[in-house]
Amino acid sequence: MKFPPDLRYSQNDEWIRVEGDAASVGLTDYAQDQLSDIVYVDYSATPGTKVSKGSGFATVESVKAAADVYMPVDGEIVEVNKALQQKPDTLNSDPFGEAWLAKIKVTDASQVAGLMDATAYEKFCQERHS
Amino acid sequence: MSYAGSFIPHTEAEREEMLKAAGAGSLSDLFMDVPAKHRFPKLNLPEPLTEMEARGELESISAANESTNEVLSFLGAGAYSHYVPAGVDTILRRGEYYTAYTPYQPEISQGTLQAIFEYQSLIVALTGMDASNASHYDGATALAEAINMSRVIHRGERRKVILSPGLNPQYRATVHTYEQGFDTTLVGEDSDLNAAPDALIELIDEQTGIVCVAYPDFFGRIYDYSNLAAAAHAKGALLAISVNPTALGLLKTPGEMGADIVTGEGQPLGIPLSFGGPYLGILATKQDYVRSLAGRLVGETVDSKGQRGYVLTLSTREQHIKRERASSNICTNQGLMMLAATVYLSLLGKQGLKQVAESCYHKAHYAADAIGKLKGYKLKFPDIPFFHEFIMESPLAAAELNRRLLEHGIIGGYDLSLDYAALKNCSLLAVTEVTSKEEVDFLVETLAEVSRG
Amino acid sequence: MVEPLIYDLGAPGRRGVAFPEPDVPLADLPAAHLRSELPLPEVGELEALRHFTRLSQLNHSILTGFYPLGSCTMKYNPVINEDTARFAGFAHAHPLQPIEMVQGSLAIMYHLQEWLKEISSFAAVSLQPAAGAQGELAGVMMIRAYHADRGDSKRNKILIPDSAHGTNPATSSMSGYRVVEIKSDPRGNVDLEALKSECDETLAGLMLTNPNTLGLFEEHVEQVIAAVHGAGGLVYGDGANMNALLGICRPGDLGFDVLHINLHKTFTTPHGGGGPGSGPVCVAEHLVDFLPGPISGVVIEPTEGDAPVYGWVMPKKSIGRLKAFHGQFGMHVRAFTYILMQGAEGLRAVSEYAVLNANYLKEKLKGFYHLPYDRTCMHEMVLEGRWPDAPGVRALDIAKRLMDFGFHPPTNYFPLIVHDALMIEPTETEDKATLDAFVAAMLQIAEEAHSNPELLHGAPHTTKYGRMDEVRAARQLVLCCDFRS
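Residue numbers (my numbering), protein chains in the order written: chain X, 1 to 130; chain L, 131 to 583; chain H, 584 to 1068.
Treat the hints with care, since some could be wrong.
Taking lysine-lysine and the DSBU-like style, the derived pairs with C-alpha atoms no more than 30 angstroms apart in a straight line are [stated by the list, open to error]:
{"id": "1", "chain 1": "H", "residue 1": "Lys766", "chain 2": "X", "residue 2": "Lys53"}
{"id": "2", "chain 1": "X", "residue 1": "Lys82", "chain 2": "L", "residue 2": "Lys365"}
{"id": "3", "chain 1": "L", "residue 1": "Lys554", "chain 2": "H", "residue 2": "Lys900"}
{"id": "4", "chain 1": "L", "residue 1": "Lys167", "chain 2": "H", "residue 2": "Lys766"}
{"id": "5", "chain 1": "H", "residue 1": "Lys1047", "chain 2": "L", "residue 2": "Lys172"}
{"id": "6", "chain 1": "H", "residue 1": "Lys740", "chain 2": "L", "residue 2": "Lys290"}
{"id": "7", "chain 1": "X", "residue 1": "Lys82", "chain 2": "L", "residue 2": "Lys416"}
{"id": "8", "chain 1": "L", "residue 1": "Lys416", "chain 2": "L", "residue 2": "Lys365"}
{"id": "9", "chain 1": "H", "residue 1": "Lys700", "chain 2": "L", "residue 2": "Lys290"}
{"id": "10", "chain 1": "L", "residue 1": "Lys435", "chain 2": "X", "residue 2": "Lys64"}
{"id": "11", "chain 1": "X", "residue 1": "Lys103", "chain 2": "X", "residue 2": "Lys123"}
{"id": "12", "chain 1": "L", "residue 1": "Lys416", "chain 2": "X", "residue 2": "Lys87"}
{"id": "13", "chain 1": "X", "residue 1": "Lys64", "chain 2": "H", "residue 2": "Lys900"}
{"id": "14", "chain 1": "L", "residue 1": "Lys150", "chain 2": "H", "residue 2": "Lys949"}
{"id": "15", "chain 1": "X", "residue 1": "Lys64", "chain 2": "H", "residue 2": "Lys700"}
{"id": "16", "chain 1": "H", "residue 1": "Lys779", "chain 2": "L", "residue 2": "Lys554"}
{"id": "17", "chain 1": "L", "residue 1": "Lys167", "chain 2": "L", "residue 2": "Lys150"}
{"id": "18", "chain 1": "X", "residue 1": "Lys103", "chain 2": "X", "residue 2": "Lys82"}
{"id": "19", "chain 1": "L", "residue 1": "Lys290", "chain 2": "X", "residue 2": "Lys50"}
{"id": "20", "chain 1": "L", "residue 1": "Lys172", "chain 2": "H", "residue 2": "Lys700"}
{"id": "21", "chain 1": "X", "residue 1": "Lys53", "chain 2": "H", "residue 2": "Lys899"}
{"id": "22", "chain 1": "X", "residue 1": "Lys64", "chain 2": "L", "residue 2": "Lys416"}
{"id": "23", "chain 1": "L", "residue 1": "Lys508", "chain 2": "L", "residue 2": "Lys567"}
{"id": "24", "chain 1": "X", "residue 1": "Lys123", "chain 2": "H", "residue 2": "Lys766"}
{"id": "25", "chain 1": "X", "residue 1": "Lys87", "chain 2": "L", "residue 2": "Lys554"}
{"id": "26", "chain 1": "X", "residue 1": "Lys50", "chain 2": "H", "residue 2": "Lys740"}
{"id": "27", "chain 1": "H", "residue 1": "Lys740", "chain 2": "X", "residue 2": "Lys53"}
{"id": "28", "chain 1": "L", "residue 1": "Lys150", "chain 2": "H", "residue 2": "Lys1015"}
{"id": "29", "chain 1": "X", "residue 1": "Lys50", "chain 2": "L", "residue 2": "Lys365"}
{"id": "30", "chain 1": "L", "residue 1": "Lys382", "chain 2": "L", "residue 2": "Lys510"}
{"id": "31", "chain 1": "L", "residue 1": "Lys290", "chain 2": "H", "residue 2": "Lys766"}
{"id": "32", "chain 1": "L", "residue 1": "Lys167", "chain 2": "H", "residue 2": "Lys700"}
{"id": "33", "chain 1": "H", "residue 1": "Lys740", "chain 2": "L", "residue 2": "Lys150"}
{"id": "34", "chain 1": "H", "residue 1": "Lys1047", "chain 2": "L", "residue 2": "Lys435"}
{"id": "35", "chain 1": "H", "residue 1": "Lys740", "chain 2": "X", "residue 2": "Lys64"}
{"id": "36", "chain 1": "H", "residue 1": "Lys779", "chain 2": "L", "residue 2": "Lys167"}
{"id": "37", "chain 1": "H", "residue 1": "Lys949", "chain 2": "X", "residue 2": "Lys64"}
{"id": "38", "chain 1": "H", "residue 1": "Lys737", "chain 2": "L", "residue 2": "Lys290"}
The set of hints was computed from the structure by calculation and includes no laboratory data.
Produce the complete structure using the sequences and hints provided.
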């Protein structure tokens, strides 16, 4: 299971990659593994909408489960990854790369620092997997 | 054991051995978690009967009914007498179908799963939609579920729902019940019965989620809803059409007219009247809205051996996964009734369903023509095409007319004044393929006679 | 060879059943409204009947084998029920006939209502709900109507234990309520402290399944109910598990305000491959006026020696009707027939033997499968379908392997609070030999899980069909066949 060191992580299993005041957001490898084969992605928010930290902006479904994806920090959605709706399995095969879910403009950069780093998140996952 | 109706196979020796294994001295010992003061209440119920006695008892209760097998009937209004081929019940009585449950384990449930897939295909063929669910409770709840779907499709926005007054009043009442927990505005029910459905167009606005109409409508009238569909879509609203599936053996499909959701009562497809249930809810939609469909759906796939097979699919829509976020709480479908419709449509097929639909049409028109010529009687909507039901306006109140008809051994039509203040002295008569020319003639003669008295 | 689809059978022009030509003069068809094609099958009668008979043989069913599907009460459905429901007077009764003509049907409904009241200790019953889920909906709507009627508008939340069936939260949302989950305590009961902390002036009610989905009788049921009542809330009982309580304990006596009963579980109406169900809803005195209707009632009291006249009664403040007509009447006849053959003593025996069978299985299996709540169970119990020393084997593998022994698997992955749950409900109609054979299979599987896990991963081996590719079904949706080709 992968925990890329350059990312920050939320307790809801989202990752965020910050590049200046822009960022991309996705689901972690742990999350996709828990969900198993993902068959559907749906966005409840569109580009231009402001989404606050902890609010849902997408739903991801496998055969057996449905999971809401929450925004790890406050931000405005710039782009959603429409390609995933055609190829939801990318979320399983490349969760940290091709399968980003949204690109956002971060409203409050200080919130990013409040998220877990890779080491803390890996520990968090291990603790849950008892 | 002394009681008569036992389906419990245990011998005394087995019981004792099992109690010992379970660490209990007696059966009563198993219930120590139940508060003592409420444990083992004495139930006041009739003494148990053996199967032979129970059959006799039920036979005599059944005989206390004077049903449509004994008395000539022109009642319809949402439940119709049709001939059911013997093959339908032959299949329904197979224990492999009726004693199975929801096909959770596809490896050992392919019979039910494939039957559902075939049902879904037949309903798609009949309605002109892209996908059907595995069935719903009945026509009323299917309509309520269409409104639930609209809420999901519009993501909770567009709280206005337009209901045509030509929808079955019991279906509209069911919608009112279902919508109690939501902030929905239901409009349109009091609109003019004489106006064509295009009159509903002016009610459609940017707040409208869905427009609901019936085809044929509750009064048997046939309308083309293409303009209504276009008007709804122009404002971003959906159109749901509640159908009688027998009529679709003859009539243009709702799909051709632009419907987004088709609901309906499947009882005419091989299901006995049975005093109002169990019946069959039809619920079908277009490809775009498949994920918003309520209820079970079956999809095609392959098994580990590469064989074509079927599974319940898209179950993430449903309550057992979505829990409080599910749009509907339905778990089951009307499995066995779905099977009845599937066998019925297969046995009748392309020619048979058309033949039944045409037969209903011709007989109803024969009756309407004759009644329209009777002194004192007239047809309420003589210029509007109708299927197998029509409104007869009589010289006396429908309740009194029906009382007099019954004295002559005829169950008259449905008294419309019960639901529509504007339809005084009006009854809704249904004529299907099971009614003969002589029986219609007898009705017409009797109508003439009772209006004189 | 797989069974072809009905659309793959037949030939153009072939017909199954013919109908007589109309004996009336033909009317003009409405040309503008006619459909251009009717793409239905064209098969012969024998061809169709063979098709549906062969399909039936691909099903596991109660009549073909043991079906210990937890929470579903898959017990014997007496075949006499199938006869009585089809008696001509019932089968051909139109739901809108004048009441004088359908006194038989109304009497069936009336007496069934009376008996269900007696069995559950409630003041009134409506047979309207089409299924358990609709009974639940009726129950929660009545709770809502009750508070609204008292002008108590602050109450907006429903409490639901974490062991509850998914319909409970879905129903609450459908009724416009916010759902708050209450955790279970280590003995599998509702955690009383957690419950009490939510009992405030915003509480509308609690939905409680008793026995719960772990098959355990709620040890503090009276305290739980008192806590909710103390805060002004009402308690809804999910009667899914009534098969454990007949003549044992009446929910109304425990203080429940409303309860639904599944006729298709407890009262032997068949499950029909997923319906029709029937979910009568029973209420205490203070909710009688809110029941869905119409209900069968006595409209003319009997004079000496005569039968009463039954008719339709709409409760004064009814939440309304839940469906067209009067409920799943054919199921009412079946349940009536069943109760008529049991009597009070018979019904108590049903629950006693259902509970005996479950405890027998529990004791035989618990050394080999982890039993997370080791108490006397009621009519069902929940095991864990996994072992620390057999990683990789999951409940699903055990379930699939059971099919090789001719058994339907237990419910798996529910309730959610047990890892890899296997929920087993044997019912009272299974004999000891069947249970012993099931135990033998379960023990062999437990052994195989450790010695030969691959055997489980590849299961089932002896069924006509292997595991289905559910991911493919969801990703490449095919929901109907191509009937035009």
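These are the hints, each one checked on the structure:
no., hint, result
1, Lys766/H to Lys53/X, "27 angstroms, holds"
2, Lys82/X to Lys365/L, "26 angstroms, holds"
3, Lys554/L to Lys900/H, "27 angstroms, holds"
4, Lys167/L to Lys766/H, "28 angstroms, holds"
5, Lys1047/H to Lys172/L, "49 angstroms, violated"
6, Lys740/H to Lys290/L, "25 angstroms, holds"
7, Lys82/X to Lys416/L, "22 angstroms, holds"
8, Lys416/L to Lys365/L, "18 angstroms, holds"
9, Lys700/H to Lys290/L, "40 angstroms, violated"
10, Lys435/L to Lys64/X, "22 angstroms, holds"
11, Lys103/X to Lys123/X, "27 angstroms, holds"
12, Lys416/L to Lys87/X, "22 angstroms, holds"
13, Lys64/X to Lys900/H, "41 angstroms, violated"
14, Lys150/L to Lys949/H, "16 angstroms, holds"
15, Lys64/X to Lys700/H, "39 angstroms, violated"
16, Lys779/H to Lys554/L, "57 angstroms, violated"
17, Lys167/L to Lys150/L, "26 angstroms, holds"
18, Lys103/X to Lys82/X, "12 angstroms, holds"
19, Lys290/L to Lys50/X, "27 angstroms, holds"
20, Lys172/L to Lys700/H, "13 angstroms, holds"
21, Lys53/X to Lys899/H, "48 angstroms, violated"
22, Lys64/X to Lys416/L, "24 angstroms, holds"
23, Lys508/L to Lys567/L, "20 angstroms, holds"
24, Lys123/X to Lys766/H, "25 angstroms, holds"
25, Lys87/X to Lys554/L, "60 angstroms, violated"
26, Lys50/X to Lys740/H, "29 angstroms, holds"
27, Lys740/H to Lys53/X, "25 angstroms, holds"
28, Lys150/L to Lys1015/H, "13 angstroms, holds"
29, Lys50/X to Lys365/L, "27 angstroms, holds"
30, Lys382/L to Lys510/L, "24 angstroms, holds"
31, Lys290/L to Lys766/H, "38 angstroms, violated"
32, Lys167/L to Lys700/H, "19 angstroms, holds"
33, Lys740/H to Lys150/L, "46 angstroms, violated"
34, Lys1047/H to Lys435/L, "9 angstroms, holds"
35, Lys740/H to Lys64/X, "28 angstroms, holds"
36, Lys779/H to Lys167/L, "25 angstroms, holds"
37, Lys949/H to Lys64/X, "28 angstroms, holds"
38, Lys737/H to Lys290/L, "25 angstroms, holds"
The structure shown violates the earlier hints numbered 5, 9, 13, 15, 16, 21, 25, 31, 33.
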